[in-house]
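Peer 1: Sequence:
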Amino acid sequence: MKVEITPDRAPVRSWLPGFVALAAIWGSSFLFIKIGVTELHPVHLTLYRVATGALTLLVVLAVLRDRLPRDPRVWAHMLVVAAFGVAVPFTLFGYGEQRVESMLAGIWNATTPLIVLPLAVLVFRTERLTARRAIGLGLGFVGVLVVLGVWEGVGGAHFVGQLMCFGAAACYGLAIPYQKKFVAGSAYSGLSLSAAQLLVATAQLALVAPFVGTPPSPIGLSPRVAVSVLALGALGTGLAFVINMRNIRLAGASTASTVTYLIPVFAVLVGAVVLGERMNWHQPVGAFVVLVGVAVAQGLFGRRRPRPEAVTPAVRAAEPAAQG
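Just so you know, we're using our numbering here: the sequence shown kicks off at 216 and counts up by one.
No wet-lab data here; the hints were simulated from the structure.
We put the CB at the ideal spot given by N, CA and C, even for glycine.
Careful: at least some of the hints might be erroneous.
To be verified - What follows is a set of in silico ranges between Cβ atoms, one per label pair, in the way DEER data are often shown:
#1 A291 / A421: 14 to 24 Å
#2 A346 / F426: 42 to 52 Å
#3 L294 / G382: 13 to 23 Å
#4 W496 / L337: 27 to 37 Å
Sequences are here, hints too, so could you generate the full structure?
Peer 2: Pasting the structure below:
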């Protein structure tokens with residue numbers, strides 16, 4: 216059954232607070248990762264974060280009387296979606312933030328659409344490449360080179376950390392079109408699919424975690440790190456998805472997806488205010504070029520007033536912006 220989405224009829228005041236709140240939650244995730252890796256191995260941090268997020272969504276499923284998918288094919292595809300959409304990128308951001316500032320990780324997260332488009336065109340064939348999109352991709356990757364500061368030379372822990380964060384964004388770039396092609400057409404709700412994704416990612420991480428050491432007891436964590444893990448899991452990985460679904464329902468998928476542009480802004484602000492982080496001049500300049508490239512590729516410049524969208528609940532699961 217299709218659910219009609221009529222964003223033109225929803226007043227801005229009905230969805231704007233949730234839109235800003237979502238950008239703040241996902242933008243702050245990089246701060247919490249930075250704090251978390253001071254005491255936890257990146258794999259253990261991701262395990263605790265994802266398990267907390269899965270538990271949160273299971274509670275929401277029970278409250279809404281929704282249920283997990285029962286189709287074995289959906290669960291089989293979730294092995295890929297969970298690995299490349301959750302377990303690997305979350306862990307790579309943790310490794311990356313052991314070497315770079317949280318605000319810089321937030322900037323790299325914004326490069327995800329630049330990876331999504333060529334994979335969607337060349338591999339999954341769910342999109343087609345136009346001149347506008349090609350120009351946007353070109354601009355975006357120029358911005359990536361500026362953020363990296365390639366004229367200063369490559370190498371060192373900081374450069375490696377940036378590559379890890381870019382690798383995390385690349386994982387999202389693979390998971391999003393894969394999910395859109397093989398999972399989004401199912402009859403299950405976005406909430407159900409996301410809960411399944413987090414459950415599978417939790418199982419994958421639980422299998423890997425012992426190879427990097429025994430996960431420490433959550434009771435032994437400092438209050439600062441424990442709160443960060445809870446914020447990452449319950450808020451940033453659990454309830455944030457519910458907020459995003461509401462934004463899509465009220466404002467439409469296209470408008471809701473533009474939260475991508477606010478996430479690095481909040482990441483930079485929070486990193487500067489809370490952790491006192493600073494950036495080189497070329498990093499915010501490169502971030503601006505990246506966002507302009509993404510905007511051009513997505514057709515946000517000169518876009519006509521969108522028509523009301525008709526989106527099935529399952530399709531919504533493929534629409535959210537990538538999060539850290």
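Peer 1: Kindly indicate which numbered hints from before are broken by the structure, ordering the numbers from low to high.
Peer 2: none
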